[in-house]
Every structure is written in structure tokens, then in C-alpha cells.
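**Q** Sequence:
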Amino acid sequence: MTFYVENEHEYAFPFEIEDVFKRVAKEVLSLEKCPYDTEISLTIVNEEEIRQTNYEFREIDSVTDVLSFPYLEFDNPGEFPEVCADDINPENNEVVLGDIIICYERAVKQAQDYGHSELREFAFLIAHSMLHLSGYDHMTEKEAKIMFDKQDIILNKLGYTRNE
1 MTFYVENEHE
11 YAFPFEIEDV
21 FKRVAKEVLS
31 LEKCPYDTEI
41 SLTIVNEEEI
51 RQTNYEFREI
61 DSVTDVLSFP
71 YLEFDNPGEF
81 PEVCADDINP
91 ENNEVVLGDI
101 IICYERAVKQ
111 AQDYGHSELR
121 EFAFLIAHSM
131 LHLSGYDHMT
141 EKEAKIMFDK
151 QDIILNKLGY
161 TRNE
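Per this note's numbering, the sequence shown starts with residue 1, numbered consecutively.
Certain hints may be false.
[Stated by the list, open to error] Here are the simulated BS3-like pairs of lysine-lysine, each with C-alpha atoms no more than 27 Å apart in a straight line:
no., residue 1, residue 2
1, K33, K109
2, K109, K145
3, K145, K33
4, K157, K145
No lab work stands behind these hints, which were simulated from the structure alone.
Work the whole structure out from these sequences, hints included.
**A** Given below as C-alpha cells:
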């Protein structure tokens, strides 16, 4: 697996972001039985950058906590599709799973608002995004229940609880 991390403004989380990113991403891919070696990127940005990206790609002119950009197209959530040469990075022969963008300010504020640690919030945002990269969504009540239940399973297994 290859993980790319870009912390645009050298934001100082009180933990190693790459370590948490890897730990949560690997757990999601294990739970979902991903059959591929994958490449995933994570970028930490400010509110203005995520607002601009949200507008550019989703035509929503507002700040959000996280954006996920899956590269693969799923017929069914968690059922990884057959890949073709265009899905594979020729430099490392890994399937490009997608990109995650997290807004630093929003993550910190949400941790405060929910009364848990920045570590737990960050892990939650990674789990949430990794499930999007695995084909899940939360547009309907049924989809949301499935996705949020999986998030809870992952976070609890790794010890990223709300009490943290």
C-alpha cells in the first residue's frame, strides 16, 4: 500500500496523521476485503481551500469537514470492481483508490463540539472517507445506517472512541 500525505499548511495535530491514516485505512480495506494493493492520498487543507474544492467538484459553495474522491466505480458498496490498466499506477502497480481532503479547522472544531479528541475526529473522518472510496454513500437512510454502522465497528475496533 502506498499512502501520500500532504499537510498544506503544516497543521499541528497532537498525533502523527500519517500513522492514524494508515491504521484506519488498512482496517477499512481489511473489513471490506479489498483484493488489491492500493494507493491513497490525503491532503489537509484550510477552510477556504476545501470550500473552493467543494464548489469546483460538487457545486456546493460551503465549507465541509471532508471530501472523498473515489477513482473506482462500484456497482455495489464494498464489492470491489475488476480493474483495468487505467486504474493502476504503473510506477508501483497499485490500484489508485482515491483522494481524501480534510479541513483542519473543521476537524478541530467538530472535536470540540462533540466533546472528543482531535484524534478520534480525525480517525472518524478517515474511516468515513475510506468507506466512500470503497463505494459506500449515505444518500438514503438505509445507506447511511450501513455506512455509519461500519464506521462504528472500525473506530471501536481500533479504540478511537468518543470517550477519548
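**Q** Which of the listed hints are broken here?
**A** 1
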